[in-house]
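A.B. asks: One letter stands for each residue in the lines below.
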Amino acid sequence: MFAADFDYYRADSVAAAGRLLAEHPGAKLLAGGHSLIPLLKLRLSAPAAVIDIGRIAELRGISVDGGTLRIGALTTHAEIAASADVQRHARALAEAAGQIGDPAVRNRGTIGGNIAHADPASDLPTVLQALGATLDIAGPHGERPVGIDGFFQGVMTTALAADDLLTAIRIPTAGQSQGSAYVKFPHPASRYAVIGVAASLTSGTGGGWRTVLTPGASRETVCSNASVAIGGLVPAPARCGAVEQALAGKPLSDETFAEAAAAVGGDLGDDLLGDVFASGEYRKAVAPVYVRRALAAAASRVG
Amino acid sequence: MSTRIFGSGIRRREDPRLITGSATYTADIRLPGMAHAAMLRSSHAHARITRIDTSAAAAAPGVVAVYTGTDTEGALQPMPCAWLLPDAGLKIAPYPCIAKDVVRYTGDIVAVVVAERLHQAHDAVELIEVDYEPLPAVTDPEQAAGADAPQLHAKDLNGDAIEGNQAFHWTVAGGDVDAAFAAAEADGVVIKERILQQRLIPNAMETRGAVAQYNRASGELTLWNTTQNPHIVRFLCSVVTGVPEDKLRVIAPEVGGGFGSKIAAYPADFVTVFCSKMLGRPIRWTETRSENYQATTHGRDHVQDVELAATKDGKITGLRCTVRAGMGAYLSTAAPGIPTILHGLMLSGCYDIPALKEDVYGVYTNGVPVEAYRGAGRPEATFMLERLIDMLAHKLDLDPADVRRRNFIPKFDNGHEVVTTLNYDSGDYPGALAKLLEHTGYQALREKQKAGPANGRYLGLGLSSYVEICGLGPSQVAGAIGFQGGLWESAIVRVHPTGKVHVFIGASPHGQGEETTFAQIVASEIGVDAGDVKIVHGDTDATPMGWGTYGSRTTAVGGAALAVAVRKIRDKAKVLAAHLLEASVEDMEYEDGRFFVKGSPDKAKTIQDVALMANVAWDLPEGMEAGLEASTFYDPPNFVFPYGAHLAVVEVDAATGHVELTGYTALDDCGPQINPVIVEGQVHGGVVQGIGQALWEGAAYDESGQLVTGSLLDYALPRADGLPPIDVISTVTPSPHHPLGVKGIGEAGTIASTAAVYNAVMDALRPLGVTRVDMPFTPERVWRAIQEAKGS
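Protein chains in written order, with the numbering used here: chain A, 1 to 303; chain B, 1 to 792.
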C-alpha cells in the first residue's frame, strides 16, 4: 500500500507536459489520480517519474460551439454530471459520470484520465463510443483529432502513444429528435460496470416517400439512427452493430427494443470478462436485459 | 432537555472528536526515537520455507533490523488459545508468532523489517527473498475434514497427533432427539437443509496496529494497541513476551471499531514488542487495509447439515445438526467458544423445542484464523432455526408467522429453562412478533404479494424471531466452559470536591457510545449533570481490571457494576447529608441530586455540597472515612437474553437476479434503554452488517488458498444507497437480575437480520420454484437458481 519511489514533476502547460514526457521516457501522467495512484500503491506500476498535469488550466472546462460539445480532459466526473450543457447535449454522458464510484471519486477523477486509463469496466469509454466522440490528442508533432472508434484496443490499451497527451473530448450535440441513456449494472464493491450499455437513438418518420404521397397513411415514428455501445463484459467497449442494425427503420417500441436487444449476443464475441462475482456466461446471458432498458430509456428522451 | 435522565437520547459525547478527526488512534502515537515495523507475510496458503535471505533488505536505506522466525523462536512463546473448550478433545496446534518452517495461510508472518521511516520498512520487505516449497492447500471446512485432505498440523502443543485437521468435536444434546425424529418420520414432517455460513471479513474502519515502547533500564513495556480488551492483552502479552504484568501497561487509545476482530491477541503485536525489546526503541506497526484482509480474524465459516422434526400441524419436536466450523490455520484467542458455547447453547432460540442434538467439528483450514464476528455464533444459530421454520411453513402451507406462533415459549418474566439448560431471564416472544406484524401491516403485504409480480419483480417477506445470549457472564460459568478468565466487570466512581465525577471502568468501549450512556447512569443515580461525569477506560494503569468489550456485555455487566458503585456513593452521601442537616438517616429523602429531611425539601444538601464536605472532611460523622469514592466488582448471576422480531421486504428482478431490499423493520427488546438514540444506532449498524452477509459479503479463496476478495474493490460492504430506511421499534422487558434491568443491543441486529433477509428472498423466489441459494445472494446466483428451477 506504499508506492515505490518515483520522481515527481509538475507541468503548468500542455507544452511543458510534452517536454517533460520527452525528457522522461516511461513517465506516467497524473491527472485526478484515481486510476494511477491505486496502481502505484499496489506496486502494479512503478514508473521512474510521474508528471502531474492536474493544474493545467487550459485542459479544464465544458463549452458548446456550434454543433460540438467540448470537454477539457481535466474536467471532473462531478462537473460533467452537474453540467447543464452535458445534460442537454449528451445526456448519457452526464448519467454515466454521475454513477462513477462515489462522490469523492467523482470530485477528483477526470474524464481524460478515465479514458486514457481504459479500464474495460469503466463507464465513460462506453458512452463516448455511443455518442461518436472525437478525442484531441497533443503529441510531439502537434495536436490531432482521433475518432473514438478504434481508440480502445484492449484491456487498458489505447491508441495513445507514450508521449501523447489527451487534451479534450468533442461530442456532436444532440439534435431535437435524439435521445441518449446509460444503463449500468455496477459491481457492488468497486462500482465499476459489470455491464454498461449506452444508447443514442434518433427518431424519424417511418414509411419513406410513400407515406408522404399517400394521404392517411401511417407516419409512425421510427428509429432513423441508432448508436449503441456496451462495456464491462468485453476487453474494450464496443459498438453493437447487430443491435443497431435491428433497430434501423423500426418503430421505437418495446417490441423493437426486445428484438434488437436479443441481437447483442452477436456483438459480444467470445472473449468475455468474468470474475468471482459475475461470470462471463452470466453477463452475456443478461446483457440483453440491460440493452433493452438502455434503449427504452434513450427512446423516452427522444424529441 | 435534562441531561440527567436515564432514557434520554442525548448526543454522543464521543462524536465531536471522532467526526472532526481530533481523536488519537494507535497509528497517531508518535514517540521520540520511534522506528517503524512492516511485516513480510506469506504469499502461499501452505508451503514449506526452504530459504530466507534478508541480506538485501538489511542493507536497504533506513533499515534498522530484519528478524525472522529463527530470531523470535524461544524469545516469543507460541500464541495462546484462551478458550479451552472442555470435553471436546481440543487440540491446540502450535501457533508461532513468526513462521519458521511452514506457512499455513496467506498472511502468516515470515519476517519483520524495522526501519527509520515507514516507507523504508515497506520497501525493504520487498527485498527479502523467500524460497517456498508449495504444499497442497485446503480452505473449505468440509473438504479439510475429508479423508484425503492436506494435513495442516502433525501434532498439538502437548505432542498429541492432530488427525483429520480436527481441532475439536463438541456436542450439545437434550431430550430424546432420536425418538422425536422416529416419530416425525412415521407420522409428521422432517425438514433437511444444508446451510453455508460463508466466511466474512469484519472490516473495522480502523485497521489494527501496535506501538511498543520498551524501557531497557526499567524493564517496563508500554503497549498501545487496537484492542477491545486491554487487560486480556496485558495478560497474554506477558505470557508470550515474558514481560511481567506489573511492568506492562496496555493502552487502548481511540479504537475505531472491532466487531470481534480486536478481541484476539495477534502475533504482529508481539513481534512489535520483540523488536522494541531488541532495539531499545519505540516501534510502531500499522496494518495496511490489504494486510487487514489477509491477517486480521474473519468470522462465521460454517457448513451446517440440519434436520428439523415436526408434527403435521407444525409443532417442532426435534432438531439435529452437524456443523463443520472452519477455524482457519490456527486457533485464535477465543475461537473455540464461538461455534460451540455461543452457538450450540442457543439452538432452540425462542421456541419450545423438547429435543435437540448438535455435533460441532472445529476444523483447521489454510485460511485466516476465524474468531468472533458481531453476533459470534448466535447469528449462525438464529439463521439455522429461522430458515428451517420457514421451510416447515412452506411444506405445511402455513404462514411463517403462524408456525412461529405455534412454537413460541409463552411470555415469562423471571426465568425459563430451555433444553440446552440455559435459563433465559425474561421475554415475550409472541408479543414481539404480534407488535411487529401489526406495525408493518404484514397481512396487507401478503395480500399485495398474492397479486403476483409487477414488471418481473417478485415481492418477498422474511421474518426472523430471535433471542440471544449476551452480558457474558457469570464467572463460575466462564470457568466451567473453559474460558480462561473471569467475566465480571469493575468500576470506580470518584466524586471530586466540586461535585465533578471520574468513573474508571475496566470495560473498553470502542465506538459503542458508553462514555455517554455510562455518564447517564451516574447522572441519573446521584443527580449530577451528565456533562460533569468523565468516563476513563482503555488503560490498564489507570483503570481497574476488566474483561473487555465484546458479546454485548459492556452495558449489561460494566453498566451494572457502575450502577452498584454509584449507589454506594449515594448511600454514603445520604449519611453525610443527614449529619450535616443534623437529622437521622432514616428521615432523609433523596430526589434529583438533593438530600433533605422528609417534609422540608427546600432545606437540602446537594450532591455537590456533600462532595465538598466529604472531600475536605472537616465534619464527618463518627467512623466515616474521608472522600466520596466507591468501587465494585460485579459478577452477574446470569446472562441476559435480549430478543425481538424483524421483517425484511425484498423485490427480486427475475430477469437479472438482482435483489432489492425495499423495507426493513426491526423490533428489539433490550430492556430499559439508557439512550434510545444510541440503541437505534446500534440496531442500524447491526442490522446492516447482517444484511451484508445475506446480500453482498463473502470472503472467497481460490483453489491454491489465495484470498480473491482481498480488497474493498472486491469485497462488497453494504452501502447506504443499497439500503432502505430501517424502521426501529421496541418493546421493554427488564431483566429481572440486572440492577438497571438492561440487556445488550450491540449484536442483536446482526443476529436477526441475515435470516430475515434470506427468508425474504427465498419467499420471493418461491413462485419460481427456487428452494435453495447460497449466500450472498449475488445476482448471478439468484439468476442461476431461477434458470435451474425453470429447467427442472
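Think of the hints as simulated: they come from the structure by calculation, not from any bench. Just so you know, not all the hints are guaranteed correct.
[Said to hold, decoys possible] Simulated coverage check for chain A against chain B, where a stretch passes if three residues somewhere in it have a Cβ under 8 Å from a Cβ of chain B:
1. 117-127
2. 184-191
3. 228-234
[Stated by the list, open to error] Residues from chain A that keep clear of chain B, each with C-beta distances beyond 12 Å, as calculated:
4. P38
5. V64
6. G67
7. E79
8. T221
9. N225
10. G241
11. G274
12. D275
13. V286
14. P288
15. R292
[As the list claims (entries may be wrong)] Now the in silico label distances, taken between C-beta atoms and shown as ranges:
16. D721/B with D85/A: 25 to 35 Å
17. R301/A with K790/B: 29 to 39 Å
18. R55/A with I19/B: 54 to 64 Å
19. V105/A with N455/B: 24 to 34 Å
20. G150/A with A789/B: 39 to 49 Å
21. G61/A with L18/B: 48 to 58 Å
22. G274/A with M205/B: 28 to 38 Å
23. G67/A with R117/B: 26 to 36 Å
Model, not experiment: these values are computed from the prediction. Quick reminder that beta carbons are idealized off the backbone N, C-alpha and C, glycines included.
A.B. asks: Take the hints in turn and mark each one as holding or not.
C.D. replies: These are the hints, each one checked on the structure:
1. Only residues whose beta carbon comes within less than 8 Å of a beta carbon in chain B count, and the segment 117-127 of chain A has 0; fewer than three means the coverage is violated.
2. Check on the segment 184-191 of chain A: 5 of its residues sit with their Cβ under 8 Å from a Cβ of chain B, so the three-residue criterion for coverage holds.
3. Residues of the segment 228-234 of chain A lying with their CB closer than 8 Å to a CB of chain B number 0, which falls below the three-residue condition for coverage.
4. The claim that P38/A lies off the interface is violated: its Cβ sits roughly 8 Å from the closest Cβ of chain B, which falls inside the 12 Å cut-off.
5. Under the 12 Å C-beta cut-off, the non-interface status given to V64/A relative to chain B holds; the minimum distance is some 32 Å.
6. Under the 12 Å C-beta cut-off, the non-interface status given to G67/A relative to chain B holds; the minimum distance is some 36 Å.
7. With a cut of 12 Å on Cβ distances, E79/A stays outside the contact zone with chain B, its closest approach being about 21 Å.
8. With 12 Å as the threshold on Cβ separation, the claim that T221/A sits away from chain B holds: the shortest Cβ distance comes to roughly 24 Å.
9. Every beta carbon of chain B lies more than 12 Å from that of N225/A, the smallest distance being close to 27 Å; the non-interface claim holds.
10. Interface exclusion of G241/A from chain B stands, the closest Cβ pair being 24 Å apart, more than 12 Å.
11. Listed as outside the interface, G274/A is inconsistent with that label: its C-beta sits roughly 9 Å from the nearest C-beta of chain B, within the 12 Å cut-off.
12. With a closest Cβ-Cβ approach of about 8 Å to chain B, D275/A is found to fall inside the 12 Å limit, against its non-interface label.
13. Consistency note on V286/A: stated as away from chain B, yet its beta-carbon is not over 12 Å from all of that chain's, at 5 Å minimum.
14. Residue placement check: P288/A does not keep its beta carbon more than 12 Å from all beta carbons of chain B (closest about 9 Å).
15. At the 12 Å boundary, the C-beta of R292/A falls inside the reach of chain B, the nearest C-beta of that chain being 9 Å off.
16. Distance hint check for D721/B and D85/A: the Cβ-Cβ separation is about 27 Å, which falls inside the suggested range of 25 to 35 Å.
17. One distance hint, 29 to 39 Å for the beta-carbon pair R301/A and K790/B, holds here, with the actual separation near 34 Å.
18. Range check, R55/A to I19/B: about 30 Å between beta-carbon atoms, so the 54 to 64 Å window is missed.
19. A C-beta distance of roughly 31 Å is found between V105/A and N455/B, which places it inside the suggested range of 24 to 34 Å.
20. G150/A and A789/B have their C-beta atoms about 44 Å apart, which keeps the hinted 39 to 49 Å range intact.
21. Taken as a hint, the range 48 to 58 Å is violated for the pair G61/A and L18/B, whose Cβ atoms sit roughly 38 Å apart.
22. A beta carbon spacing of about 31 Å between G274/A and M205/B agrees with the range 28 to 38 Å that was offered as a hint.
23. About 56 Å separates the C-beta atoms of G67/A and R117/B, a value inconsistent with the hinted range of 26 to 36 Å.
When held up to the earlier numbered hints, the structure conflicts with 1, 3, 4, 11, 12, 13, 14, 15, 18, 21, 23 and fits the remainder.
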